[in-house]
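Go ahead and model the full structure; you've got the sequences and the hints to work with.
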Amino acid sequence: MARNKIALIGAGNIGGTLAHLAGLKELGDIVLFDIVKGVSSGKALDLVQSSPVENFDTKMRGTSAYSAIKGADVVIVTAGIPRKPGMSRDDLIGTNTKVMQAVGEGIKKNCPNAFIICITNPLDAMVWALREASGLPKNKVVGMAGILDSARFRYFLADEMNVSIQDVTAFVLGGHGDTMVPLVRYSTVAGIPLPDLIKMGWITQKKLDEIVQRTRDGGAEIVKFLGNGSAYYAPASSAIQMAEAYLKDKKRVLPCAASLNGQYGVKGLYIGVPVVIGARGVERIVEIKLDAKEKRQFNKSVNAVKELIGVVKLMRQKKSKK
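Each residue of the sequence shown is one higher than the last, beginning at 2 in my numbering.
Any given hint might turn out to be false.
Below, a list of computed lysine-lysine pairs in the DSSO-like style, where the Cα atoms sit at most 30 Å apart [claimed, not checked]:
(1) K268 / K99
(2) K208 / K294
(3) K290 / K71
(4) K290 / K252
Using C-beta positions, here's what the derived DEER-type ranges look like [what the hints assert, rightly or not]:
(5) A280 / D179: 27 to 37 Å
(6) P194 / K301: 17 to 27 Å
(7) T205 / D292: 13 to 23 Å
(8) E27 / Y234: 14 to 24 Å
(9) V312 / E106: 16 to 26 Å
(10) I82 / D218: 39 to 49 Å
(11) V287 / S238: 13 to 23 Å
(12) K60 / T189: 34 to 44 Å
None of these hints come from the bench; they were simulated from the model.
We treat Cβ as the ideally placed atom computed from N, Cα and C, and that holds for glycine.
Right, here's the structure in full:
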């Protein structure tokens with residue numbers, strides 16, 4: 002039986018971590034792509050030489066040629082410039098839109114049947130641009146954001162209440178930015194909703210509000226600490242969870258940036274919502290009931306994403322006229 006093939010576009014910190022995690026899980030053979038010659042080959046060689054120690058059988062190679070990703074089953078895109086202190090995710094839009102165009106064309110030519118996971122920021126706009134450039138079916142192109150944002154939310158909650166992270170469930174709706182919507186009402190510890198835990202004295206409303214805001218600022222907090230670069234361990238782990246759900250047809254319910262066609266009153270945008278990921282890609286979009294406050298917050302997030310995609314559309318139009 003043929004082994005799965007995973008193409009990783011961008012051999013920076015996230016790309017290298019993705020390759021390591023995919024290797025450890027033996028999800029398939031890995032091609033690490035980067036336009037900077039030598040970087041991807043060096044990282045791939047270093048990583049594959051750890052396989053005898055870490056006991057995994059995975060072939061890895063680096064490349065700077067898009068032809069090497071031909072026939073890939075999964076493509077994870079991290080290419081683009083990262084954030085620096087003081088920058089928002091939205092500040093990256095000009096350069097990274099051009100990168101998504103080139104990557105999308107490379108995917109379209111070499112692996113049009115692949116499942117595509119975009120990590121590049123500003124996420125919701127970049128996954129839209131990548132889908133447009135590649136022309137792939139919308140259910141086969143998704144953005145990694147909600148899993149990461151939800152993981153941060155879960156970690157902060159578990160840490161505050163001194164409970165196992167395994168017993169905390171939470172998810173975040175909306176765009177991957179300052180307007181994301183951590184859903185308190187749908188978040189639980191051992192099945193007990195957060196509003197009930199406030200009544201039980203496990204956490205105060207003030208502390209919960211602080212955690213919600215810290216979740217929104219989660220990426221910026223790490224960028225500030227690092228000084229040069231952005232998060233990569235947790236984003237890579239989140240994308241691997243999505244890839245594994247697709248390759249193993251796990252039917253996982255995961256919050257991802259998906260293309261909506263009327264769900265939540267949104268059409269033609271990529272926005273973070275819970276979806277079912279299996280062998281057909283995004284197999285179902287889960288439409289949960291939102292109360293009035295949640296709807297207002299979600300709509301605010303949608304409008305922010307709409308504005309960013311509008312900027313990308315304008316850039317694409319200008320390029321097509323040249």
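Hints, one by one, checked against the model:
Between K268 and K99, the direct Cα distance comes to roughly 24 Å. Compliance with the 30 Å bound is thereby established for this hinted pair. The straight-line distance between the Cα atoms of K208 and K294 is roughly 19 Å, inside the 30 Å bound, and the hint therefore holds. Pair hint K290 plus K71 does not hold up; C-alpha atoms about 41 Å apart against a cutoff of 30 Å. A threshold of 30 Å between alpha carbons decides the hint, and for K290 with K252 the separation of about 21 Å falls inside it, so the pair holds.
Separated by about 35 Å at the C-beta atoms, A280 and D179 satisfy the suggested range of 27 to 37 Å. A beta carbon spacing of about 23 Å between P194 and K301 agrees with the range 17 to 27 Å that was offered as a hint. Roughly 21 Å separates the CB atoms of T205 and D292, a value that falls within the hinted 13 to 23 Å. Remark: the range hint 14 to 24 Å for E27 to Y234 is upheld by a beta-carbon distance near 20 Å.
Look at V312 against E106: about 20 Å separates their beta carbons, and that is inside 16 to 26 Å. Roughly 20 Å separates the CB atoms of I82 and D218, a value that falls outside the hinted 39 to 49 Å. Range check, V287 to S238: Cβ separation about 22 Å, and the 13 to 23 Å hint holds. Distance hint check for K60 and T189: the Cβ-Cβ separation is about 41 Å, which falls inside the suggested range of 34 to 44 Å.
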